[in-house]
Amino acid sequence: MSEVSFWEAAFLWRDPLIATSLGAILCALCGVFVVLRRSAFVSAAVAQASGLGVVLALLAPHLLGGEVPPLATGIAVGAASAGLFAVSGRNARIGVDASIALAYVIAGAASLVLGTLLPHEYERVHSLLFGDAVAAPPEEMAALGACALLVAVFYAALFPRLVFASFDPEAARAMGIRVGRLDAALYFVLGLSIAVATRALGALTVFALTVIPASGGLLACRRFPGAIAWAAGSALAAAAVGYYLSFVWSLPTGATIVLVLAATLLVAFALGRWRR
Amino acid sequence: MSAREGSAAPHLRLISARIGHRPDQPLFPPLDFELWPGEWLVVAGPNGAGKSSFVQSLVGALPLLGGRREVLTPGLRFGYVPQRQAFDPIWPLSTLDVVRMGGAPWLPPFRRSASLDARAREVLEQVGLGGLADAPFRSLSGGQRQRALVARALVGGPQVLVLDEPANHLDLPGERALVDLVADLRARTGAAVVWISHRLEALARRADRIAFVRAGSFRMGSLAELRSDGTLEGFLDRGEAS
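As they're listed, the protein sequences go chains E and V.
Heads up, the first sequence is in our numbering, so the first residue is 1 and it goes up one at a time.
Heads up, the second sequence is in our numbering, so the first residue is 1001 and it goes up one at a time.
Where hints are given, some of them may not hold.
Label pairs and their calculated CB-CB ranges [said to hold, decoys possible]:
no.	chain 1	residue 1	chain 2	residue 2	range
1	V	SER1115	E	ARG273	44 to 50 Å
2	E	SER5	V	GLY1131	54 to 60 Å
3	V	ALA1224	E	ARG276	54 to 60 Å
4	V	ALA1135	E	ALA240	32 to 38 Å
5	V	ILE1015	E	GLY145	23 to 29 Å
6	E	ALA157	V	LEU1072	29 to 35 Å
7	V	ALA1135	E	PHE269	50 to 56 Å
Note that these hints are calculated values from the structure, not bench results.
Predicted model only: the values in this text are computed from it and were never measured.
Beta carbons are placed, not taken as given, at the ideal position from N, Cα and C, and that holds for glycine.
Generate the whole structure from the sequences, applying the supplied hints.
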């Protein structure tokens, strides 16, 4: 157990906890459409694509002779890869799940192969991509806040169309909604948010935060607003409780948050059964 | 007086339209076609003949391979009832939520509409599902689900109601009940109806015109015309349609 009490160490955890909470709400909001569209592995694929982007950016001085910002490139490639899922999922002969799997394995393999050209920069690639929720530089908090605002505005503007186009794309298209553009925009927003959140919180935590709270909302609630509220509320609660427990018991923060999220899923399951 | 005779101009027009999914394989020879306000058009033919592609091009969801599509009614609205009935059951939607979706294409960004809610409840009453507005959509029976999808297609006040084989999962009495419902709604709203079907028994007498699609050909006319020139031979059950 830590010798300094949790409350005495507020100066240590205040900013990281705010960043974790922002990231939790951001991922939970994204997760509702991720789970409903059966694209649960999108965050894993975006993380791999972001890694490829960082590797390419670090190779740029050797290949192009000029510097490219690695973190921004990683986030941009991650977001763009999610936009491609929309195109391939709707119009091609393979489903969106297969597109996500392809992005995951191809980006992962390409990163490993290209990474051999950067033998001394593995740690830099890793530290650029995967945060651990215990440090929160101001630029990370700003990026998380901007993404949360972007998702909130995107949903506020287009929520009825997003629901229609996701639930019944054929009818939505026939009734005048530009489903392809809407899908691409949604996946781009999800990809950008996931890439930024992965940088701040780590891949495992973001994966869990996009899938578990939304799944809990669907288990516990019968209506859309309730499911979204559950997702955001349980993610926020799990982030705070997980952060607290990891501090007082000296546990890995991200993994502790994931286990608390798993506990909320059990509560949602029980609540759903009780309401049936 | 037919709907066509009472209207000054068609809703939309296809001119030398080449329809299909692959540029080198149009489904029919170039088509000239007009859809008139208030008319009931049945698009019939065997499965896989290209009925849905024709209608997708009509509503603008499938780009033409050639020719032109002209919309002559400003802000023309389509309501659409899909063929499929199987929706992902994980969606936490009530029947009212699904019906409200039909207003989404015309809802400006950032806007919620109380009048859309009221309109959705009103249309649900019209299709006989007023008591199931708050029931989970996934819990509805096949027939109830089809009625809810008709309500969704109507909630935006469309001038054209398109139904893509909506009775595929229904028996003949169920199909006749759906035809009667749509006829009643058409009488109330004045919407044109475009009904795709691979069978004509329940529909033939309602249709102002029939577009018959088979093996690369596209023929259009009244029931009597298509019967007399032999187009419907082997397709129409004469006992049912006469």
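To see whether the hints hold, each was checked on the structure:
| no. | hint | result |
| --- | --- | --- |
| 1 | SER1115/V to ARG273/E: 44 to 50 Å | violated, 38 Å |
| 2 | SER5/E to GLY1131/V: 54 to 60 Å | holds, 58 Å |
| 3 | ALA1224/V to ARG276/E: 54 to 60 Å | holds, 56 Å |
| 4 | ALA1135/V to ALA240/E: 32 to 38 Å | holds, 36 Å |
| 5 | ILE1015/V to GLY145/E: 23 to 29 Å | violated, 53 Å |
| 6 | ALA157/E to LEU1072/V: 29 to 35 Å | holds, 31 Å |
| 7 | ALA1135/V to PHE269/E: 50 to 56 Å | violated, 23 Å |
The structure fails to meet hints 1, 5, 7 from the earlier list, while all remaining hints are met.
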